[in-house]
Amino acid sequence: LVIDSMASSMLSLGSTSLLPREINKDKLKLGTSGSNPFLKAKCFSRVTMSVAVKPSRFEGITMAPPDPILGVSEAFKADTNELKLNLGVGAYRTEELQPYVLNVVKKAENLMLERGDNKEYLPIEGLAAFNKTTAELLFGAGHPVIKEQKVATIQGLSGTGSLRLAAALIERYFAGAKVLISAPTWGNHKNIFNDAKVPWSEYRYYDPKTIGLDFEGMIADIKEAPEGSFILLHGCAHNPTGIDPTPEQWVKIADVIQEKNHIPFFDVAYQGFASGSLDEDAASVRLFAERGMEFFVAQSYSKNLGLYAERIGAINVVCSSADAATRVKSQLKRIARPMYSNPPVHGARIVANVVGDAAMFNEWKAEMEMMAGRIKTVRQQLYDSLVSKDKSGKDWSFILKQIGMFSFTGLNKAQSDNMTDKWHVYMTKDGRISLAGLSMAKCEYLADAIIDSYHNALLYWETPIEL
Amino acid sequence: MMATAIRNSASRGTMMSRQISGLRSMSSWWKNVEPAPKDPILGVTEAFLADPSPDKVNVGVGAYRDDNGKPVVLECVREAERRIAGTSFMEYLPMGGSVKMVDETLKLAYRDNSEFIKDKRIAAVQSLSGTGACRLFADFQKRFRPDSQIYIPVPTWSNHHNIWRDAQVTQKTYHYYHPETKGLDFSGLMDDVKNAPEGSFFLLHACAHNPTGVDPTEEQWREISQLFKAKNHFAFFDMAYQGFASGDPARDAKSIRIFLEDGHHIGISQSYAKNMGLYGQRVGCLSVLCEDEKQAVTVKSQLQQLARPMYSNPPLHGAQIVSTILGDPALKGLWLKEVKVMADRIIGMRTALRESLEKLGSPLSWEHVTKQIGMFCYSGMTPEQVDRLTSEYHIYMTRNGRISMAGVTTGNVGYLANAIHEVTKSS
Chain U
1 LVIDSMASSM
11 LSLGSTSLLP
21 REINKDKLKL
31 GTSGSNPFLK
41 AKCFSRVTMS
51 VAVKPSRFEG
61 ITMAPPDPIL
71 GVSEAFKADT
81 NELKLNLGVG
91 AYRTEELQPY
101 VLNVVKKAEN
111 LMLERGDNKE
121 YLPIEGLAAF
131 NKTTAELLFG
141 AGHPVIKEQK
151 VATIQGLSGT
161 GSLRLAAALI
171 ERYFAGAKVL
181 ISAPTWGNHK
191 NIFNDAKVPW
201 SEYRYYDPKT
211 IGLDFEGMIA
221 DIKEAPEGSF
231 ILLHGCAHNP
241 TGIDPTPEQW
251 VKIADVIQEK
261 NHIPFFDVAY
271 QGFASGSLDE
281 DAASVRLFAE
291 RGMEFFVAQS
301 YSKNLGLYAE
311 RIGAINVVCS
321 SADAATRVKS
331 QLKRIARPMY
341 SNPPVHGARI
351 VANVVGDAAM
361 FNEWKAEMEM
371 MAGRIKTVRQ
381 QLYDSLVSKD
391 KSGKDWSFIL
401 KQIGMFSFTG
411 LNKAQSDNMT
421 DKWHVYMTKD
431 GRISLAGLSM
441 AKCEYLADAI
451 IDSYHNALLY
461 WETPIEL
Chain R
1 MMATAIRNSA
11 SRGTMMSRQI
21 SGLRSMSSWW
31 KNVEPAPKDP
41 ILGVTEAFLA
51 DPSPDKVNVG
61 VGAYRDDNGK
71 PVVLECVREA
81 ERRIAGTSFM
91 EYLPMGGSVK
101 MVDETLKLAY
111 RDNSEFIKDK
121 RIAAVQSLSG
131 TGACRLFADF
141 QKRFRPDSQI
151 YIPVPTWSNH
161 HNIWRDAQVT
171 QKTYHYYHPE
181 TKGLDFSGLM
191 DDVKNAPEGS
201 FFLLHACAHN
211 PTGVDPTEEQ
221 WREISQLFKA
231 KNHFAFFDMA
241 YQGFASGDPA
251 RDAKSIRIFL
261 EDGHHIGISQ
271 SYAKNMGLYG
281 QRVGCLSVLC
291 EDEKQAVTVK
301 SQLQQLARPM
311 YSNPPLHGAQ
321 IVSTILGDPA
331 LKGLWLKEVK
341 VMADRIIGMR
351 TALRESLEKL
361 GSPLSWEHVT
371 KQIGMFCYSG
381 MTPEQVDRLT
391 SEYHIYMTRN
401 GRISMAGVTT
411 GNVGYLANAI
421 HEVTKSS
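These protein sequence lines map, in sequence, to chains U and R. The opening position of the first sequence corresponds to residue 1 in UniProt numbering, with each subsequent residue numbered one higher. The opening position of the second sequence corresponds to residue 1 in UniProt numbering, with each subsequent residue numbered one higher.
Worth flagging that the hints you see were computed from the coordinates, not collected in a lab. Certain hints may be false.
Listed below are the simulated DSSO-like cross-link pairs for lysine-lysine, each with C-alpha atoms no more than 27 Å apart in a straight line [said to hold, decoys possible]:
1. R:K371 with R:K340
2. U:K178 with R:K142
3. U:K429 with U:K209
4. R:K31 with U:K147
5. U:K197 with R:K38
6. R:K31 with U:K178
7. R:K120 with U:K77
8. U:K106 with R:K100
9. U:K197 with R:K172
10. U:K190 with R:K142
11. U:K197 with R:K142
12. R:K294 with U:K77
13. R:K38 with U:K147
14. U:K132 with R:K31
15. R:K100 with U:K77
16. R:K332 with R:K254
17. R:K31 with U:K223
18. U:K178 with U:K190
19. U:K401 with U:K429
20. U:K260 with R:K31
21. U:K376 with U:K365
22. R:K31 with U:K197
23. R:K38 with U:K132
What follows is a list of derived Cβ distance ranges for each label pair [what the hints assert, rightly or not]:
24. U:K197 with R:Q220: 38 to 48 Å
25. U:E95 with R:K38: 47 to 57 Å
26. R:D51 with U:K197: 39 to 49 Å
27. R:A230 with U:K197: 35 to 45 Å
28. R:D112 with U:A283: 54 to 64 Å
29. R:P94 with U:T80: 20 to 30 Å
Values in this document were obtained by computation on a predicted structure and should not be read as measured data. Idealized CB from N, CA, C, for every residue including glycine.
One chain only, chain U, in its complex shape (with noise of 0.2 Å):
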């Protein structure tokens, strides 16, 4: 045995080897066929020994950060209390607390099971009906851009992997051009560009102090990008704040956005799940297209169609002529085949089934008013609830304010840790909570919770507080 001192800090003998495992143990294979010298034999003894070993290629690894968001419902799962609430769920739920499959989802599903669809490989851009009928859903059967052909359209992996491929679209086609992120945002943002290694920065968006929209901050970063910069836009529904532009300042966004010959960049995860119609949660979408703009769009099914795990969603490139979208198309193709060849079938069958049967699209569109229905319903409750509860005279109105599935709360770290600790109620560090893991029954209870997190969270915890 050689001892190798480069190799000392190497394990001790463990159960890695070079040698075939099978070997007899009073035999050690030194210098079989090439002339490799370092070889680790195995060790039957207690005694620990360093001998020469090639280091393992992955040495230098380390374990990757835990996701912020699973690990809550990891320590929610481990919770034994029964009062135990888990509002850091990013999925919709009944008021049973139960996932919730569509009607017309289990439908069309029946229906592709009866047909006996083939399994063929989708083309790389996708189920063709699935990308007309994304296209039409957003912008509207017979708008312009889509009847002049001016949208690239490609099926995408739900909202993630749309996004993917526009951020690579971008590193290839924009050099050196930045996207502005709001702060905060959906964490995955920033994880989808750094690795298509495209630079970015943040906009202030979320004003604590109003626990709303910081509009002034928000205007003022987007005219100081350089111009031709990339605004990555919530279309509904801002995750994690709920804080959404109103109308008249979507108007302005829109006009600084054309000022500076930015591209904006909407993402559209909430469509008919934020107000319940399909069409006003697409108002600022179109509101874009109605400028004649360049823009991307990027589109989930996940909440909406409730398709989670199947992945399915769309990027739209709206351009000015049909001839840039032709080739723009051709280009999404050429990201998306290194990537995974042609996208998955199932879910995009699941859409255009829904969408293009007219019983099964209404029966959707009122699915989709029930799941936006309840989660308005919570919020008032909730609102109600604090607002009888606590004799502060606490303006608690922003709750009714923000809109979708999550509810920044403005509870900083320390009062949401109060939250976790003494209410066992199990929600995301900046503060946000997920109505659609609310349940009516549970809605005093979790105002007794902010309520006490709010004013008494500075008494419990010695640590300062950075606010």
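Following the hints, complete the assembly by docking chain R onto the known chain U.
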């Protein structure tokens, strides 16, 4: 400049927007975007579909067809879908995908009672079929071994080049196909393996090499493995045809088993596109054999970290089909039967094609048609000959002369043989 002025005035209202549209096309953001070249493989099918000729034959894309030229959904898959229907809550899978599916998939590659599985030494995640597995590995290689290169055989599936290029990993090639013998250039391969810097990364096709159908023999694999050991190279196996090549999954995984026995820590991309006919569902698995459980957990966390900004978590439906089938002994038995039927049909068509060409009195040797294995046959035809096949006979294949045997039927093998004979007889 005029466009700028108009843009500025547009910000004061939307009334001019319609007039703007036409002018903005002068200043589109996308002026520099060229139309992308057609994908060589998928472009063939597009052209085939557009052809109105009743005689047309598609031996382009690698998707299995039955003897009537029809796509096939396996009976075990249909049954699995019936069982799954209505049972899912559609909730997000974890970033690493379906644990059940991954577990079953590792058993196929590493063996049911593999010690590596028992010792939890394999970092494995569900992937978007074989493409997704290769891409995740390429990105992983780039991130943690940024100075490394990937050695790719000549020829290979064209998308391999795209994958490692987009992952920004430098590519090198190694000899593989021997045009003179239409077989393996074994000495060329071994020379390249020997001359590569120690610790290089190599892409190997575990079985049924795409596009040539030429595989090393078992003895050759053993020699390759020994040389890899001497050079401390990393072997990354792309296994897209397990079971589909010979009809026997264990046999098709022999190359991998040899490397494992010899102590290599390998990486594997597995796909269910062909062997379970799940093409459009995009189901596969990436695995990396590590030193120990701790390292496997670490590597897996990093693979997930790469997947998250690409698609967050993989699709459920296909994974459910796979785990339903492989988790039920009866369904698994049915699958094994069905995959053998597919493999046998292809082997039968190879024989039929070769015999037809020989009966036509072709001056060339077509021995390679039956020596090669798997879905593809590297015919040895030139691009010009392929072009003639298409323009004169409406036969569609990739211009490298690759024939997808899955597209050959008892109904068209005669027509195909005749056409090939016509374009090659004078060469």
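Taking the hints in turn, this is what the structure says about them:
For the hint pairing K371 of chain R with K340 of chain R, the CA-to-CA distance comes to about 18 Å; that is within 27 Å, so the pair holds. This hinted pair checks out: K178 of chain U and K142 of chain R have alpha carbons roughly 23 Å apart, not beyond 27 Å. A distance of roughly 18 Å separates the Cα atoms of K429 of chain U and K209 of chain U; the hinted pair therefore holds under the 27 Å criterion. Distance check on the hinted pair: K31 of chain R and K147 of chain U sit about 21 Å apart at the alpha-carbon level, within 27 Å; holds.
Under the criterion of a C-alpha separation no larger than 27 Å, the hint pairing K197 of chain U with K38 of chain R is consistent with the structure, at around 26 Å. Note on K31 of chain R and K178 of chain U: the hinted pairing holds, with a Cα-Cα distance of about 19 Å set against a maximum of 27 Å. Only pairs whose Cα atoms come within 27 Å are accepted, and K120 of chain R paired with K77 of chain U is accepted, the gap being roughly 24 Å. At most 27 Å may separate the alpha-carbon atoms for a hinted pair to count; K106 of chain U and K100 of chain R meet this at roughly 23 Å.
Among the hinted pairs, K197 of chain U with K172 of chain R is consistent with the structure: their alpha-carbon atoms are about 24 Å apart, no more than 27 Å. Of the supplied pair hints, the one linking K190 of chain U and K142 of chain R holds, its CA atoms being roughly 20 Å apart against a limit of 27 Å. Only pairs whose Cα atoms come within 27 Å are accepted, and K197 of chain U paired with K142 of chain R is accepted, the gap being roughly 13 Å. A C-alpha spacing of about 24 Å is found between K294 of chain R and K77 of chain U, which places the hinted pair at or below 27 Å, so the restraint holds.
A threshold of 27 Å between alpha carbons decides the hint, and for K38 of chain R with K147 of chain U the separation of about 25 Å falls inside it, so the pair holds. Taken as a hint, the K132 of chain U and K31 of chain R pair is honoured in the structure, with Cα atoms around 25 Å apart against an allowance of 27 Å. Proposed proximity of K100 of chain R and K77 of chain U is supported: the alpha carbons are some 20 Å apart, at most 27 Å. A hinted pair counts as satisfied when its Cα atoms are at most 27 Å apart, and K332 of chain R with K254 of chain R qualifies at roughly 20 Å.
Pair hint K31 of chain R plus K223 of chain U holds up; C-alpha atoms about 25 Å apart against a cutoff of 27 Å. Proposed proximity of K178 of chain U and K190 of chain U is supported: the alpha carbons are some 12 Å apart, at most 27 Å. With a C-alpha separation of about 21 Å, the suggested pair K401 of chain U and K429 of chain U falls inside the 27 Å cut-off, and the hint holds. Restraint check for K260 of chain U and K31 of chain R: satisfied, since their Cα atoms lie roughly 19 Å apart, inside the 27 Å limit.
Between K376 of chain U and K365 of chain U the CA atoms are separated by roughly 16 Å; this keeps the pair inside 27 Å, and the hint holds. With a C-alpha separation of about 22 Å, the suggested pair K31 of chain R and K197 of chain U falls inside the 27 Å cut-off, and the hint holds. As the CA atoms of K38 of chain R and K132 of chain U are separated by approximately 22 Å, the hinted pair is consistent with the 27 Å bound. The hinted window of 38 to 48 Å between K197 of chain U and Q220 of chain R holds, with their beta carbons roughly 41 Å apart.
A beta carbon spacing of about 52 Å between E95 of chain U and K38 of chain R agrees with the range 47 to 57 Å that was offered as a hint. For D51 of chain R paired with K197 of chain U, a C-beta distance near 41 Å keeps the hint of 39 to 49 Å intact. Our hint of 35 to 45 Å for A230 of chain R and K197 of chain U holds, since their Cβ atoms are close to 37 Å apart. The given range of 54 to 64 Å is respected by D112 of chain R and A283 of chain U, whose C-beta atoms sit roughly 57 Å from each other.
For P94 of chain R and T80 of chain U, the Cβ-Cβ distance of about 23 Å falls inside the hinted range of 20 to 30 Å, so the restraint holds.
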